[in-house]
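Top line first, the protein sequences correspond to chains A and B. Numbering-wise (my numbering), the first sequence opens with residue 401 and increments by one. Numbering-wise (my numbering), the second sequence opens with residue 155 and increments by one.
Worth flagging that the hints you see were computed from the coordinates, not collected in a lab. Every residue gets a Cβ at the ideal spot worked out from N, C-alpha and C, and that includes glycine. Treat the hints with care, since some could be wrong.
If you want a taste of the chain A side facing chain B, the calculated C-beta under 10 Å gives, among others [said to hold, decoys possible]:
{"no.": "1", "residue": "Pro432"}
{"no.": "2", "residue": "Lys433"}
{"no.": "3", "residue": "Asn466"}
{"no.": "4", "residue": "Phe472"}
{"no.": "5", "residue": "Ala477"}
{"no.": "6", "residue": "Ile478"}
{"no.": "7", "residue": "Met481"}
{"no.": "8", "residue": "Gly495"}
{"no.": "9", "residue": "Phe518"}
{"no.": "10", "residue": "Lys526"}
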Amino acid sequence: MKHVFKICMICLLVLVNTGCEQDEICLEDITPKLVIRFYNQNIPDELKSVLRLKVNIEGIEGDYTNETISSFTDSIAIPLMVTENKTQFILTLTGDESEGTQDNLDTLSLVYTQEDIFVSRSCGYKTIYHDARVILTEDDDNWIKFMEPTADPLEIIDENLAHVKIYH
Amino acid sequence: MFLLAGITVSAQKTVSAKDTVAYKDRYGLRVGLDVVLPFYTFFTDDNKGFEIVGDFRFTDRFYLASELGYRDYTDQEDFYRFTTKGQYVKIGVDYNAYKNWIGMENMIVVGFRYAFSTYDYKVNEYNINADPFVPVRTETDALSYDNLNSQWIELVLGLKVEVLHNVFLGVSFRGNALISSKEPDNFMNLYVPGFGDVSFNNRGFSFNYTLSYLIPIYRK
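Chain B extracted, bound-state conformation (with noise of 0.2 Å):
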């Protein structure tokens, strides 16, 4: 920052000698992770996961950016647990819509993705949903279903702050639009890895908290 700030003095001050001067911009490859997920997958049990995101700058505002996550999530309805496992890859376009000062590189991101995801579901257990006056009959044995997928799209809205020399903090929200999916037999998609919860008109929103180091490749 100071570096930084020392440029724009030294700017200011070949003014007069020049008429201009460019400043170039930095571009590379940045990649990173999600932080919040290794927290839940040391310290509870029914929710472990991984993302690993990267993007790289193709033009003086467009990047190119992915996700690629693993999830293993467990969720408890009021009467039936079910766990969700699978992976799934994102790729898109992220638009930096902030005009930066010269030479920060902080993003207000815009963008969109094209999400896949493959998975399994294992029903844990089940109560059947009857009248109360009746004894509850509770299912133990596991159904699975397996083989499932989904496609959906994202929109990206997003921040991306250089808080360290190269080191990005980031956080989006995303709304997320199911394209199409293989459905199970008696069981329905409810959760989709890298989709979230999914809700009765087959959309959803997500959030992700990421760390990213950008490598420089090269000033343009």
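Excised from the complex, chain A in its bound form (with noise of 0.2 Å):
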């Protein structure tokens, strides 16, 4: 009997096992992205949809596209670059030829300075952009009329409000 019990004894220690993870998945905030929502030239406190509008960023390939980015929106999100401290992306508006219209591409760019901040064990650190400026390259035919930051200097902290407006 006594020796049932010490191999039972036994068998427990070795059965317990160490084998546990921990499984969390990453459900804070990450880096921000730029928030652009679109306003009408005419009614500046009016959005206004940008139809058929295409994104791209310069020295990465293919078109940007996420949930934000549809055939027709007036509010999107775009990536910032976090390898630089500055950020050139090219909004174009996708011509149609029943409409007789062309693409029209204009250039926006933007610097900032960054700082990481640790975010979870699961999420590791993101970054924070500061003191952005944004500029709009001037062309002979600039579908975007003016823009504007909704703050000066610019903080790009989260996601929650627009960060630049567009008239259009």
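Hey, can you piece these two chains together into the complex? The hints should help.
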């Protein structure tokens, strides 16, 4: 009987396993994107959606797409470069043959400084942007009539409110 | 074991001669070490440490218990890798919930500990967690967070089995709760030596496997 007890106890010791892993997913906000809202150039308080918008970031191949960039949108969120302290992106109004319009490319540039912030175990580090300045490149035919940052200096720390207003 | 069986048999024989036979339990100091940590230390690069354990029986069922240890542990998370180095001390009481047959000294341990640890963190490398459309920025200049400390309490559930004369194999499961800690700026207490991974609600759990030797001091 004593041996049975001893064997049972040893088996129990062996069975208890340490193989437990924390399985967390990142739910907190990570590096914020630039939030742009589109307004009517004639009635500045009125939101005005953009038809057939295309977003490209200079230096990166391909169109940027996410759930905010649809065929008809009044607000978009664009990621900023974290490897550099500036981002240049091209907002294109795609032309339509039946309407006889052509693609209209407008370029926006941002310069900023970055600060790395630890978020949580599963999210790791994000960066937030300080002292951001936005510049619209003028050309012969800007579809963006004018734009303004919502704060000066502009701090991009979350995606709750628009950072830049674009009037068109 | 055969010796002990012999005692039981002789005890039964003497019942006719005497009404009671007093068996004297052994009291002493039991010292040992964690048997898993040396394997990690010798066979891995990212997990090193040792732990010395000890207990002293002061009543029939109560033991004064303590652990001392050191850990050098590297944790690879999705976006960063960090190393924790530090030492800890735990002190508390174990209660033997198992009623042994005469001559046996096995234990079902229920106990608690107060624990204190001092440690440093080094974030060796991290990637900025941003939209996957833009290139990743990796920082490899280590960030150091020194002179941190934590104190916590542990609830201990365990077993100790005498496998050879005076030699005990033990396992314990510990539920831990942080009482207070000195948090690093712009980082978090994610791992504490002796505590293990700290979860979001400042709880954690850990195991240890020990081999210890009983130095008998007196019988009572």
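Evaluation of the provided hints:
1. Pro432: 9 Å, holds
2. Lys433: Because about 6 Å separates Lys433 (chain A) from the closest Cβ in chain B, which is inside the 10 Å limit, the hint holds.
3. Asn466: 8 Å, holds
4. Phe472: Violated. Min distance 22 Å.
5. Ala477: Constraint on Ala477 (chain A) satisfied, holds at 9 Å.
6. Ile478: 9 Å, holds
7. Met481: 5 Å, holds
8. Gly495: 25 Å, violated
9. Phe518: 5 Å, holds
10. Lys526: 5 Å, holds
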